[in-house]
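These are the residues of each chain, in order.
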Amino acid sequence: MATSILDRTAAPAAKTALGAPNPGRRRINRTLKYALLMLFVVIVLIPAYVLFITSFKGSADADPSRAWFLPTTWETGGWAKAWTTLAPALGRTFALVVPAAIISATLGSINGYVLSKWRFPGANVVFTLILFGMFIPYQAVMIPLTQLMSNLGVPQGVPSLMLLHIVYGLPICTLIFRNYYESVPSELIEAARMDGAGILRTYASVIFPISAPGFVVVLIWQFTSAWNDYLFAAFFSSGRNGPVTIALSFLAGGQLTDYGASMAGALIASVPTLLVYILLGKYFVGGLMSGSVKG
Amino acid sequence: MLRRVKHWGPGLLLLAPTIILVGVFVYWLIIENFRVSLTNQHTAKPSNKYVGFENYTNLLADPNFQHSLWNLLILTIVFLGGTLIFGFLWAWMLDKPAKGEGFFRAVYLFPMSVSFIASGVVWRWLLSSLQTDQPGGERTTGLNRLLDSVGLGFMQNDWWSNPTWGIAAIAVPAIWQLSGYVMALFLAGFRGIPEELREAARIDGCSEWKLYRHVIFPQLNPVMLSAVIIIGHMSLKLFDLIRAIVPDANTYDVQVPATMMWVKYIGSDYADAAAIGMILLVLVALVVVPYLMYTSRAEKR
Chain A
355 MATSILDRTA APAAKTALGA PNPGRRRINR TLKYALLMLF VVIVLIPAYV
405 LFITSFKGSA DADPSRAWFL PTTWETGGWA KAWTTLAPAL GRTFALVVPA
455 AIISATLGSI NGYVLSKWRF PGANVVFTLI LFGMFIPYQA VMIPLTQLMS
505 NLGVPQGVPS LMLLHIVYGL PICTLIFRNY YESVPSELIE AARMDGAGIL
555 RTYASVIFPI SAPGFVVVLI WQFTSAWNDY LFAAFFSSGR NGPVTIALSF
605 LAGGQLTDYG ASMAGALIAS VPTLLVYILL GKYFVGGLMS GSVKG
Chain B
73 MLRRVKHWGP GLLLLAPTII LVGVFVYWLI IENFRVSLTN QHTAKPSNKY
123 VGFENYTNLL ADPNFQHSLW NLLILTIVFL GGTLIFGFLW AWMLDKPAKG
173 EGFFRAVYLF PMSVSFIASG VVWRWLLSSL QTDQPGGERT TGLNRLLDSV
223 GLGFMQNDWW SNPTWGIAAI AVPAIWQLSG YVMALFLAGF RGIPEELREA
273 ARIDGCSEWK LYRHVIFPQL NPVMLSAVII IGHMSLKLFD LIRAIVPDAN
323 TYDVQVPATM MWVKYIGSDY ADAAAIGMIL LVLVALVVVP YLMYTSRAEK
373 R
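First to last, the sequence lines map onto chains A and B. For the first sequence, counting from 1, position 164 maps to 518 in the working numbering; every step adds exactly one. For the second sequence, counting from 1, position 215 maps to 287 in the working numbering; every step adds exactly one.
Bear in mind the hints are in silico, worked out from the structure with no lab data behind them. Note that the structure is a prediction, hence the values are computed from the model and not measured. Don't be surprised by glycine CBs; every beta carbon is placed ideally from N, CA and C. Misleading hints may appear alongside valid ones.
To be verified - Part of the chain A face toward chain B, derived, beta carbon under 10 Å:
hint : residue
1    : W428
2    : F448
3    : N478
4    : T500
5    : F562
6    : I632
7    : G635
Extracted from the complex, chain A is given alone in its bound form (with noise of 0.2 Å):
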């Protein structure tokens, strides 16, 4: 599943010349289809550029005329500052993205295990009605909701964020895992039930060691989501204590912005999740996917 859904599935390239009348031309479509594929990675860099190179100016290129040009000055400065403001934050951040990942996948894990191979009268209703969670405006929750996380006793910050991104969370975790599930072979569980394995011997021993591919999407799909949060950050921390979304906003809003230091923090913001893309490309896109394609 997990193994890059867009790789071509072998589809012999030879074939396309069948109806190719004209080899020049051919070739100038290509020229102009590589020009314009150029054009629009360049269109899509140009925030990157323009964030990497202000990080690094100082008042030396505060002047408007100098601001698509290269630092004249490689100034530090502005990275320092964000680097002060943004770690508690980053430090915050990962203290509740990662157990919150973890912990929403291990139960969207069992319950995508239920609902595709255990099922019981119903299920598909009850299926339905998770997955509804995962579209609703929060907004529609919100207020009874802080008024929920008081008489609970959750404190604002980590802990709160934390139940948070678990609970809803949940909905496109069990639709990730129940899909990936769907295309496993239920004579594997036939078998171990006739052996006599219940529930949760079937589910450690045949389930769950070939559910990497799944957790590995999963866990990307929590993780980019909840480090990316800003709503249910806005609601239930404060920059004293909220993630690195909630003090990046402080560092970068107002009216008079230091752009140098805000740009250099939203990099370092950027940068877990970046990473995963980086290095965790397919499987990134992969959790994409399965959010939305069936089958």
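With chain A fixed as given, assemble chain B onto it according to the hints.
Only chain B this time, still in chain A's reference frame:
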């Protein structure tokens, strides 16, 4: 009977924590939110006096809220249109075997991995509209300055500082961020079309355009539907990006229900905030519920 319970019981038991959590944190809270939206709790002081649908009628009659709905409509149309066009174009160009395909794919998709808050920092600068009244003004920065220096000065504009169309400028970074995702969806769709189908059509003398019109596009419909649902519901909920780009949450030009809800919450107007939440929920449900029903029916078949 007992045998059946023995058969299903353990499964239900394992699912119980999730059923309870989702039951409480999604369904019960929605009901509770609806209840709050019917009260007159417009200050921090708790109040349980029910006023029926008064908050809803007041909101719908409020020009500010009407404007936020208009903004939401424009945002969604531009956001959807942009991501579908770029997503399709990129997927189409990368569908045929191409050198360096992996590189292009990776670049187009990377903005997706960054948070709206982080990308908002740079887009806030890019979309700054200082002194656009004097083209090439000294203080002009961001995209306006770039456009001016590459000879596209006529494209300079006020970006989001415009009450009618300003919200469309917010869609620009959103499109930048999610076109790659739509591309990935379309690529998966293209790859799902069996090569034999194309061959058969070509052998039948189908022109390239007819091939797309009658063979490829119909096959892409489910993917297109997924893209519309996912981008559409993201757009309805969009909050972070606007907060990151526009310093003041209560900015008329770019007000949408999600930001207005935040403003009401900060002002302790819980009843109005809850009502806006309900309206958003109804809008999202109008899009998502038919989709969920469609997919669960399609699965049964």
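Cross-check of the supplied hints:
no.: 1; hint: W428; verdict: violated, 18 Å
no.: 2; hint: F448; verdict: violated, 15 Å
no.: 3; hint: N478; verdict: holds, 6 Å
no.: 4; hint: T500; verdict: holds, 8 Å
no.: 5; hint: F562; verdict: violated, 13 Å
no.: 6; hint: I632; verdict: holds, 8 Å
no.: 7; hint: G635; verdict: holds, 6 Å
Consistency note: the structure conflicts with the earlier hints numbered 1, 2 and 5.
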